[in-house]
Amino acid sequence: MKGYGALSIKSNMNLTVPGEKFIISNVNTSEKTKNRLYDIGITKGTEVIHLFDSPLGDPSAYFVRNTIIAMRKSETQKIEVLIVE
Amino acid sequence: MLNSSISCKKDAAYPSIALAGNPNVGKSSLFNILTGLHQHTGNWAGKTVGSAIGYTEIEGTKVMLADLPGAYSINPISEEETISRDFLLFCKPDITIYVCSATAIERNLLMFLQLCQFCSNIILCINMIDELKKSEKTIDANFIQKALNIPVVCISSKKKKGISDLKLAIGKMLKENNSYPRSLTFDENTENEIKSIENLIKDIDFPISKRAAAIKFLCHDDSFISACFAAYGTDINDKYSNYKVNSSQNYSEIISNRIADTARAIAQNAVVSKNEGSYSGRADKILTNKLTAYPIMCLLLCLVLFITVSLANYPSECLSKLFSMFEPKLITFLSLLPIPGKITELIVFGVYRVVTWVVSVMLPPMAIFFPLFTILEDSGYLPRIAFNLDKPFQKCGGCGKQALTMCMGFGCNAVGVSGCRIIGSDREKLTAILTNSFVPCNGRFPILIVIGAMFFSNNQLSASILVAIMIAISIFVSMIVSKIISLTTLNGKESSFILELPPYRIPQIGNVIFRSIIDKTAKVLLRAVIFAAPCSVLIWLLANLSAGDASLLSHISGFLDPFAKVFGLDGVILLAFILGLPANEIVIPIIMMSYLCSGRLEQFQSVEQLKYIFVSNGWTLKTAVCTCIFTMMHWPCATTLMTVYKETKSRKYTLLSFIIPTASGLILCFLANILFTLSGI
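Taken in sequence, the protein lines are chains P and Y. Following our numbering, the numbering of the first sequence begins with 1 at its first residue and continues without gaps. Following our numbering, the numbering of the second sequence begins with 1001 at its first residue and continues without gaps.
One chain only, chain P, in its complex shape:
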């Protein structure tokens, strides 16, 4: 069930589909990965757009702070997000 209008839906990053825009709410990965994600710009409150998936579905490419970052589902399933549109 998708949000309608101003309503945002809680989800995990791996469950988003291409075209969806969302905001990072919680990063639950290992400490090392969390630090690396912060370095790349994926922090709480960051707006991210799910751009496209690789041909076999994993990894996926996301638009983060004007750059494109590819990540695997094994990592994105640990990131909680709020889907905005």
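For the record, the hints were derived by calculation from the structure and aren't laboratory data. Honestly, I wouldn't trust all of these hints.
[Said to hold, decoys possible] With a Cα cut of at most 20 Å, we get these calculated SDA-like pairs of lysine to any residue:
no., chain 1, residue 1, chain 2, residue 2
1, P, Lys32, Y, Arg1427
2, P, Lys32, Y, Ser1247
3, Y, Lys1565, Y, Ala1663
4, Y, Lys1092, Y, Ala1013
5, Y, Lys1290, P, Lys44
6, Y, Lys1622, Y, Ala1468
7, Y, Lys1646, Y, Arg1427
8, Y, Lys1290, P, Gly19
9, Y, Lys1195, Y, Leu1184
10, Y, Lys1146, Y, Asp1261
11, P, Lys44, Y, Leu1113
12, P, Lys78, P, Glu31
13, Y, Lys1391, P, Asn66
14, Y, Lys1137, P, Asn66
15, Y, Lys1285, P, Thr16
Following the hints, put chain Y in place on chain P, whose structure we already have.
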């Protein structure tokens, strides 16, 4: 005082300037412009491995420039990032130029704000402003300058604009030496904690300010603390462990958030856009979607290999003719010297022939392949390959970047092995290194093609198909072997795969061609020649010294023959591969030399002649197929073995890199032999 664990490459006589920043922002481009030193730049994360040093004169002062590998953070997760961190924090350059990309200022500022805590003389250099213009945005450099209290210069390394402004800024900083970037302050709680740590460590020497060191403590930066110990003998492990155990809050997150908020605030105020730009990604739609991604990749690879092979033929022939024209002149020259005739023969027909053969066969293909490869790199397509192939490689215990090192291996396995530095995780890196030889390098292609031409001579298409099938089998086997390695190696640490896909850019063709030839081709060629020269002496001796009625070469190949026959080969072929250790290019000539008992490497006039010689010495279709299989999978050449040792610093893994492809090749040859024998061909 620094011990050898951190190599500083600093020249005390000149001021040192470090070029730091995220990968793919144009540091190397800028380095080349400033120093005129040619060093290749590639359009994806992970190109500059190790740092490059150059010299230039700026405003009348000679300075040393260090081009550091790209890093996303001062907290390293890979070898390259560690090199960057160590140079910036321990070697302490006099000036740090932080290069950032105009199109991604917000992300680039993250590392910059980290650096502000540690380095004092920093210049922010915003590169690629030409790309920003295209997307109708402008940057208010003055705003950033005021906000951070450091000089900000906008340049375009592609159009060579703004360089003089940069030089002015550097010159000014060299003279005045008093730049202090505005450092971030945090909330009261955090500031108090920092102060208490500063107190704790007040008697200890650090290469950075006490406040900066305290922040490292605060963030539990194990890597930094142990690096301090390694570099300075600073023993703070006890205090640090105590602190870690007793600390309650996660300050690391507080600091990261503060940095992220500041970066966003600066970027939002400084970047002015006329319209709400968004990512169009037309190219990516075609290059990564389900239907077209893989066919395009295969097509491109085939195209690159096809161009390499077909264009290299003519220059190889020309070089060959040139060298053989020079041969009689060399003989005449040597006969004037007081050396025995046999030694002249050794020098001319042994060393000269082998070395010139290696050069004429190795040089043209590599000089074509690597420029083509670097054009793909510069365009930004290569990370998409890693992106598309990550999943299958992950299933085999590797990662998408292994596909890239394999592509490099098509040009030269030694280059492929050293390219494995781009892989962060130790285990995945090792897997990629150990299986790189499964990919046939430029030196092995001629063997496959000549055998294909001999036994499928009427049909160009089927010869090409044979080569393609062989490559496919080899890649398939290498992935199985990768899986086996990953299951048995103890280093079970998996890295998090986070890959940046840079924007597509038009490659700068002239630079590409010149630099990739110097960078990759010339160095590898030199090393191969260094290995080939002494080996050629051995080959000549074996072929010309006789025991009884036959040369040593015949004796040894006769001895190996029964063993080789088990695998569908013969003693001559096996010995040729053994003697071909310095370079696979000499394998076929050695086989020919052995069959003809000629004592010197011979050129073959035509494929028909070669086929006649081979078939009269017992070659059948089975021999051809088994030789092809063994060509694909046998021990790496000497240069590659040396590179594996350099990269792994382990004799065990170098030995494994020798054994693994050899064992796979022998097993498959054995199976092929059985299949052929059973089916009666």
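- Message: Against the 20 Å threshold, does the CA-CA distance of Lys1137 of chain Y and Asn66 of chain P hold or violate the hint?
- Response: holds, 13 Å
- Task: Would you check the hint for Lys1285 of chain Y and Thr16 of chain P, treating anything up to 20 Å between C-alpha atoms as holding?
- Result: Given that 20 Å is the threshold and the Cα spacing comes to 18 Å, the pair holds.
- Message: What's the verdict on Lys1290 of chain Y and Gly19 of chain P, does the C-alpha distance respect the 20 Å limit or exceed it?
- Response: holds, 17 Å
- Message: For a C-alpha distance cap of 20 Å, please report whether Lys1646 of chain Y and Arg1427 of chain Y respect it.
- Response: The hint holds at about 17 Å.
- Query: Taking 20 Å as the top limit, are the C-alpha atoms of Lys1195 of chain Y and Leu1184 of chain Y close enough?
  - Reply: holds, 14 Å
- Message: What's the verdict on Lys1146 of chain Y and Asp1261 of chain Y, does the C-alpha distance respect the 20 Å limit or exceed it?
- Response: holds, 17 Å
- Message: Would the hint linking Lys1622 of chain Y and Ala1468 of chain Y be met if the CA-CA limit is 20 Å?
- Response: Judged against 20 Å, a Cα distance of about 18 Å means the pair holds.
- Query: Are the Cα positions of Lys1290 of chain Y and Lys44 of chain P separated by 20 Å at most?
  - Reply: At roughly 32 Å apart (the allowed maximum being 20 Å), Lys44 of chain P and Lys1290 of chain Y break the hint.
- Message: For a C-alpha distance cap of 20 Å, please report whether Lys44 of chain P and Leu1113 of chain Y respect it.
- Response: Status holds; Cα separation ~18 Å.
- Are the Cα positions of Lys1391 of chain Y and Asn66 of chain P separated by 20 Å at most? This hinted pair is violated, its Cα atoms lying about 25 Å apart.
- Task: For the pair we were handed, Lys78 of chain P and Glu31 of chain P, check the Cα-Cα distance against 20 Å.
- Result: holds, 12 Å
- CA of Lys32 of chain P to CA of Ser1247 of chain Y, is that 20 Å or under? Roughly 18 Å separates the two Cα atoms, so the pair holds.
Consistency with the previously given hints fails for numbers 5 and 13, ordered from lowest to highest.
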